[in-house]
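Novice: So the chains spell out like this:
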Amino acid sequence: MSNDKKDLFRFAEHSIEDAERIGFSDYSYWGSVMHNFLKKKSAVFMLILFLFVVIFSHVALVIAKYDYSSLRIDYDLAFQTPNAEFWFGTDNLGRDYWCQVWYAAQISIRLSLIVVLGESILGVVIGCIWGYVRSLDRFFTELYNFISNIPTIIYMTLIAMVVGQSFTIMAVTMISIGWLGMARNVRNLVMIYRDREYNLASRCLGTPIWRVLHKNILPHLVSAIILRLAISIPSTIAQESTLSYLGLGLGIDTPSLGILLRNARTDFLNRPHLLFFPAVIVSIVTFTFYLVGNAFSDAADPKNHT
Amino acid sequence: MNKEIILSAKDVEISFNLRGRTLKAIRKCSLDLYKGETLAIVGESGSGKSVFTKSFIGMLEANGHVTGGSIMYDGVDLAQYSKEKEWMTIRGKKIAMVMQDPMTSLDPLMPVGKQIKESIEHNQGLRGSEAKKAAIEMLKKVGIPDAEKRYSQYPHEFSGGMRQRVVIAIAVACYPEILICDEPTTALDVTIQAQILKLIRDLQKEYNMTVVYITHDLGVVANVADRVAVMYAGQIIEYGLVDEIFFDAWHPYTWELLASLPQYGEKGKPLPTIDGTPPNLFNEITGDAFAPRNKRPLEIDFVEEPPYFEISPTHKAKTWYLDPRAPKIEKPQIAKEATMKPMGKEPAVFDEKLVEIKNLQVSFGKGRRKFVAVNNVNFDIYKGETFSLVGESGSGKTTIGRAILRINSASSGEVLYKGQRISGKISKETDRHLIKNCQMVFQDPMSSLNERAKVDYIVSEGLINHKLYHDEADRKAKVDNALREVGLLPEFSSRFPHEFSGGQRQRIGIARALVMEPEFIVADEPISALDVSIRAQVLNLLNDLKKKKGLTYLFIAHDLSVVRYISDRVAVIHKGRIVELAETEELFEHPLHPYTKALLSAVPIPNPTLERQKELLVYDSAMHDYSSDLPVWEEIKPGHFVYGNQRELDHYRKELQK
Amino acid sequence: MLKYTIKRLFQSVVTIFLIATAVFVLIRMLPPEKFYFDSDEQMYLTDDVKEGILREAGLLDPLPEQLFRFYADTLQGDFGISRRIQRDAPVTKLISKKVGISLRNGAMALGISLVVGAGMGVFQTLYKDKLFDHIGTGYTVFVRAVPTIVSYSLILVFGSKVLGLPSLYSSRKPFLSNIMPVFCLAMVSIAGYAIWTRRYMVDELNKDYIKMARIKGLSSREIMFGHVLKNAFVPLVQYLPASLLDTIGGSLLVERFFSVPGMGTFLADAITAYDVNIVQTLSLLYASLGVMGAFLGDVLMTMLDPRITLTGKEATR
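Protein chains in written order, with our numbering: chain A, 5 to 310; chain B, 214 to 871; chain C, 3 to 319.
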């Protein structure tokens with residue numbers, strides 16, 4: 005120890021403020037979410053791709069050489085491979101495939117967005133009530149068990165047969181069954197947060213239930229809800245295409261992925277463009293949305309905020 | 214002390230990678246462990262006490278690594294071990310460990326006997342029925358009655374204390390040389406804790422083990438340790454024989470830690486506190502890590518890290534105070550005396566009843582699953598007093614607090630507030646009035662604040678609910694004022710809770726209650742989740758507020774020793790029933806009910822001399838014979854109530870006359 | 003245990019009863035002439051004659067009366083006759099041929115998905131964050147994100163072009179014909195089992211009792227197979243009913259897609275043909291399968307997990 009340190013051996017100042025001080029940070033939840041999300045380059049790319057396809061599905065119909073409503077059957081033009089006239093080729097009836105595929109994509113996207121929006125709102129609202137109000141738990145649980153033990157496709161079958169087939173019927177039916185999954189998910193989470201001490205504190209302060217849900221509980225569910233959405237869009241599109249393929253979905257005259265593949269089922273082994281275009285476009289939509297949703301859900305999880 | 218060193222850690226460094234940042238959890242930490250001794254490592258959360266010992270058996274989390282130093286054991290350097298295979302020669306066979314939470318330490322789907330058998334087969338080389346016999350023997354040894362039958366039962370059929378016995382059996386069945394106990398009793402009730410501590414001590418003798426205790430509880434340290442090592446910010450800052458640490462500590466952190474214990478406090482006077490919070494180990498630390506919190510730091514503390522200075526051959530401390538160049542420093546007076554003196558009584562007259570509880574009963578569930586949490590409870594709380602309710606987990610103490618605040622509803626009986634009934638159906642107006650006047654402070658500062666709301670909203674939530682402000686500026690002023698009152702800066706109001714330490718969060722929770730300007734506060738274990746160095750801050754704050762604002766507290770706690778400092782009257786609750794109630798000193802000097810006595814004897818006192826003399830009393834409710842002579846709630850002496858039948862009461866009266 | 007099983011069984015029966023009622027009432031909302039007469043009859047019979055025939059058949063009776071008749075018939079095993087697909091043939095006779103194929107394929111798919119899916123999950127956990135784990139995750143993401151019909155099409159192209167499997171069901175080559183349908187059926191559940199097995203195992207691995215097992219000196223292998231697997235399997239049982247539902251839902255599309263002559267194809271045909279008795283019976287059958295699956299899942303769960311108190315269990319899915 006050198007001697008020049010000797011003068012350091014005297015008492016220094018002590019301040020309570022220094023001891024209390026905490027590091028300053030201008031944390032904001034959504035700011036961190038965006039920051040985390042934007043850090044993931046692949047997710048950003050997926051988002052751009054998703055938006056591009058959604059927007060382009062509208063543009064494509066405008067720039068198309070044929071109008072969907074005025075397509076004519078012409079057997080001479082059947083099974084054309086993609087060329088300058090028919091960008092995606094033609095189907096077995098000689099109709100332009102480009103406008104059919106993009107029209108189908110547009111319908112699938114619109115339907116799934118409407119359905120997912122509807123079932124999320126319904127699901128979150130009912131899930132909150134289900135989870136928060138103890139006395140209703142029994143009722144909703146029994147209802148859930150009853151409905152969810154039956155394959156969804158059976159409902160759709162019966163509805164399609166008894167009520168009929170249209171875009172609206174399909175959307176309403178899918179929402180009226182689809183909310184269950186979201187509600188269950190939200191309910192389980194609400195029950196976890198419901199009895200946390202900070203919610204008891206709110207009760208002691210006389211905070212009304214709706215504000216407890218809105219301020220204390222819902223913000224904690226953002227990540228889980230987004231994750232659910234990420235799965236919901238692809239599964240809605242898949243369900244729609246399944247039903248349409250079985251002839252139970254949208255009407256035969258409304259093209260959708262299911263209808264296109266149904267019409268092409270016997271031919272696409274030998275004429276791959278009939279499978280390729282609808283499959284790739286719809287898969288891009290579902291795949292990108294799924295990955296974007298997952299990435300966003302991760303970004304929204306406060307555990308990943310530094 | 215001329216003993217054989219069994220394990221020697223030298224300059225150990227351990228760091229963790231957390232999302233790209235490096236946390237230096239252990240910073241050049243050294244320790245020698247002697248054969249057959251009991252060493253207690255004491256420190257606050259984040260001090261690294263647990264991480265340090267985990268590195269002895271390769272149980273660090275996946276993102277943690279030993280980055281420097283050596284851990285010599287049996288001629289090999291454990292710090293160099295990285296493969297599973299290498300550790301398999303140490304784990305169980307040489308060093309075993311008991312973890313904190315017995316509820317999660319056992320495989321829920323395997324009978325407990327089999328879990329012990331696994332350990333025996335693995336480490337003693339016995340097989341089949343022989344191993345089973347040995348396992349049953351082990352169960353008996355750790356004090357589990359009916360061992361043959363219990364052998365094939367599943368963990369969920371055991372209570373917390375019993376499970377911890379099983380965990381200990383598993384660890385000891387390895388016949389380890391060193392047993393590490395990582396807060397083995399923190400999750401248990403005090404009476405169970407005392408039994409477990411005794412069990413470990415007995416087993417240590419029988420199997421000739423070296424025991425390392427990791428704990429934050431200085432009472433436990435005084436009870437078990439031969440030697441003590443104090444950890445702060447990833448380093449051992451002082452170590453020595455237990456008496457040397459308790460009665461002749463030299464590091465300012467050790468002093469202040471001991472001085473701030475409520476057990477050493479004097480009624481009516483504030484406890485000495487340690488300001489601030491432990492340093493952030495993500496940052497590089499220069500000098501003495503404790504310097505910013507030290508009330509009398511030396512300038513060199515901020516510049517250079519002190520080396521160890523020897524006080525006695527067994528006692529070393531890492532502080533510049535011991536340097537010959539340092540100015541003379543007077544050590545603060547910490548309880549040196551071998552007895553705990555009465556804390557005295559604050560002269561005060563309580564005559565106005567604020568809360569009256571009459572025949573209160575609270576039950577949950579219905580039919581066969583009905584559970585009576587609170588059974589026919591009677592007591593009054595007077596205006597201006599601190600009334601403490603003490604009991605173990607599941608005793609119903611929290612339920613009573615919540616029943617007063619109408620979070621739980623009373624099944625029968627009634628609660629009066631200022632003479633007005635507030636249980637059962639009440640008018641909206643009364644409810645509103647009640648919310649404004651009665652508030653609660655919660656146990657766990659981590660879960661009692663909404664992580665996703667700013668402090669501003671959290672504190673003004675009550676104001677918003679009841680429109681208790683004129684305009685936005687008024688609301689802001691009220692929030693700032695409340696924050697200032699609890700010793701926080703008003704500028705904190707725009708922050709989120711996760712930026713604060715446990716003690717600061719607890720103070721935000723108090724500000725949230727204060728802003729309503731209540732008369733009565735239920736404080737449900739407000740300090741038990743806090744670090745030892747922070748507790749005094751919160752206790753002082755509660756006492757200050759009481760004086761300034763004439764508040765009345767219902768203070769709920771599980772630890773009698775803490776209660777002695779803060780309360781005017783104490784009630785002891787056992788299984789939903791209050792068994793004894795008296796003024797604080799009366800209760801501590803003349804406890805009557807056997808449960809009160811057992812509880813008092815079980816609480817570890819942070820004073821090794823006292824702990825050595827103490828005799829552990831065990832309470833068994835089967836000792837009461839209430840078959841013909843029914844028990845009553847009797848005021849046996851003015852202000853001193855006890856629950857018992859006539860025969861017992863006669864006995865208590867005689868005891869009081871002595 | 004027995005008490006719980008009986009209670010739960012009773013619940014399931016009530017559920018099936020309610021479903022039967024709902025299905026019947028729903029279908030009776032269709033105008034009877036729409037499903038009772040074929041197109042020729044609709045055209046040529048006068049309204050009076052039609053009404054006479056319908057009255058004769060009891061279709062114009064008040065709904066409750068029809069409903070009770072339906073209960074009585076069903077209890078006796080009489081599910082009515084087909085009107086459209088094969089006039090006047092008993093539904094039971096028509097269906098029995100189809101049920102065998104569907105159930106066999108379904109059971110095979112379930113078995114395969116459980117073994118392959120759980121196996122995949124186990125290996126993903128063992129090689130966590132290594133190549134195999136990433137491949138497994140890739141597979142599950144693919145299954146979840148790409149519409150099933152597209153994946154089926156890809157399997158079809160691959161199976162018939164590369165492996166030379168029959169692209170449509172052929173009764174002369176039943177084994178080869180069933181390969182692709184069974185694989186398609188199993189595909190979704192494999193992903194489900196893999197995801198849940200991996201998640202539950204990783205959850206278990208982080209628990210204290212695993213640390214305790216390491217402390218007493220057990221090797222990773224012993225811990226994995228002696229403790230983790232069993233504990234992870236218990237919550238996995240909850241996925242059993244869901245995978246059954248997935249398989250049922252999938253079977254309709256798969257059978258139609260590959261023209262497998264099973265229940266699914268038959269149901270789709272019956273719907274297009276408005277053959278109500280067949281639709282009714284098959285819906286009931288599918289729904290009962292779903293309900294019984296949930297029942298078995300719950301009972302299995304209580305058998306495996308000693309912690310579950312048998313009185314107060316609610317659905318945990």
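Hints are not guaranteed to be accurate.
[Said to hold, decoys possible] Looking from chain C toward chain B, a few residues come up when the C-beta cut is under 8 Å (computed):
#1 Arg30
#2 Thr76
#3 Gln78
#4 Lys130
#5 Lys132
#6 Leu207
#7 Lys218
#8 Phe227
#9 Val236
[Claimed, not checked] Quick list of in silico lysine-lysine cross-link-like pairs, DSS-like style, CA-CA up to 25 Å:
#10 Lys132/C <-> Lys307/A
#11 Lys213/C <-> Lys45/A
#12 Lys418/B <-> Lys216/B
#13 Lys762/B <-> Lys411/B
#14 Lys298/B <-> Lys209/C
#15 Lys298/B <-> Lys5/C
#16 Lys827/B <-> Lys867/B
#17 Lys579/B <-> Lys130/C
#18 Lys810/B <-> Lys867/B
#19 Lys691/B <-> Lys482/B
#20 Lys296/B <-> Lys306/B
#21 Lys596/B <-> Lys362/B
#22 Lys213/C <-> Lys130/C
#23 Lys5/C <-> Lys306/B
#24 Lys10/A <-> Lys667/B
#25 Lys327/B <-> Lys209/C
#26 Lys566/B <-> Lys649/B
#27 Lys649/B <-> Lys689/B
#28 Lys345/B <-> Lys232/C
#29 Lys237/B <-> Lys213/C
#30 Lys219/A <-> Lys641/B
#31 Lys5/C <-> Lys327/B
#32 Lys362/B <-> Lys571/B
#33 Lys306/B <-> Lys237/B
#34 Lys411/B <-> Lys248/B
#35 Lys680/B <-> Lys219/A
#36 Lys362/B <-> Lys130/C
#37 Lys680/B <-> Lys579/B
#38 Lys213/C <-> Lys307/A
#39 Lys232/C <-> Lys354/B
Hint data in this document are derived by calculation from the structure and do not stem from the laboratory.
Since the structure is predicted, the reported quantities are computational estimates derived from the model, not experimental observations.
We put the beta carbon where it would ideally sit given N, CA and C, even for glycine.
Novice: Hint by hint, say whether it matches the structure.
Specialist: Each hint tested on the structure:
1. Arg30: violated (41 Å)
2. Thr76: Because about 36 Å separates Thr76/C from the closest Cβ in chain B, which is outside the 8 Å limit, the hint is violated.
3. Gln78: violated (40 Å)
4. Lys130: violated (10 Å)
5. Lys132: violated (14 Å)
6. Leu207: At 10 Å from the nearest chain B Cβ, Leu207/C fails the 8 Å test, so the hint is violated.
7. Lys218: holds (4 Å)
8. Phe227: Constraint on Phe227/C not satisfied, violated at 13 Å.
9. Val236: Holds. Min distance 7 Å.
10. Lys132/C <-> Lys307/A: holds (24 Å)
11. Lys213/C <-> Lys45/A: Violated: Lys213/C and Lys45/A sit about 37 Å apart, past 25 Å.
12. Lys418/B <-> Lys216/B: Status holds; Cα separation ~16 Å.
13. Lys762/B <-> Lys411/B: violated (45 Å)
14. Lys298/B <-> Lys209/C: With a Cα-Cα distance of about 21 Å, the restraint between Lys298/B and Lys209/C holds, given a limit of 25 Å.
15. Lys298/B <-> Lys5/C: Not satisfied, since the Cα-Cα distance of roughly 49 Å exceeds 25 Å.
16. Lys827/B <-> Lys867/B: holds (24 Å)
17. Lys579/B <-> Lys130/C: violated (47 Å)
18. Lys810/B <-> Lys867/B: holds (16 Å)
19. Lys691/B <-> Lys482/B: Roughly 29 Å separates the two Cα atoms, so the pair is violated.
20. Lys296/B <-> Lys306/B: holds (16 Å)
21. Lys596/B <-> Lys362/B: The given pair, whose Cα atoms are some 54 Å apart, is violated under the 25 Å limit.
22. Lys213/C <-> Lys130/C: Holds: Lys213/C and Lys130/C sit about 18 Å apart, inside 25 Å.
23. Lys5/C <-> Lys306/B: violated (46 Å)
24. Lys10/A <-> Lys667/B: violated (48 Å)
25. Lys327/B <-> Lys209/C: holds (19 Å)
26. Lys566/B <-> Lys649/B: Distance ~18 Å between Lys566/B and Lys649/B Cα, so the pair holds.
27. Lys649/B <-> Lys689/B: holds (18 Å)
28. Lys345/B <-> Lys232/C: Holds: Lys345/B and Lys232/C sit about 22 Å apart, inside 25 Å.
29. Lys237/B <-> Lys213/C: holds (23 Å)
30. Lys219/A <-> Lys641/B: Measuring from Cα to Cα gives roughly 23 Å; hence the hint holds.
31. Lys5/C <-> Lys327/B: violated (29 Å)
32. Lys362/B <-> Lys571/B: Violated - the C-alpha atoms of Lys571/B and Lys362/B are around 44 Å apart, more than 25 Å.
33. Lys306/B <-> Lys237/B: Violated - the C-alpha atoms of Lys237/B and Lys306/B are around 30 Å apart, more than 25 Å.
34. Lys411/B <-> Lys248/B: holds (20 Å)
35. Lys680/B <-> Lys219/A: holds (17 Å)
36. Lys362/B <-> Lys130/C: violated (40 Å)
37. Lys680/B <-> Lys579/B: Distance ~39 Å between Lys680/B and Lys579/B Cα, so the pair is violated.
38. Lys213/C <-> Lys307/A: holds (24 Å)
39. Lys232/C <-> Lys354/B: violated (29 Å)
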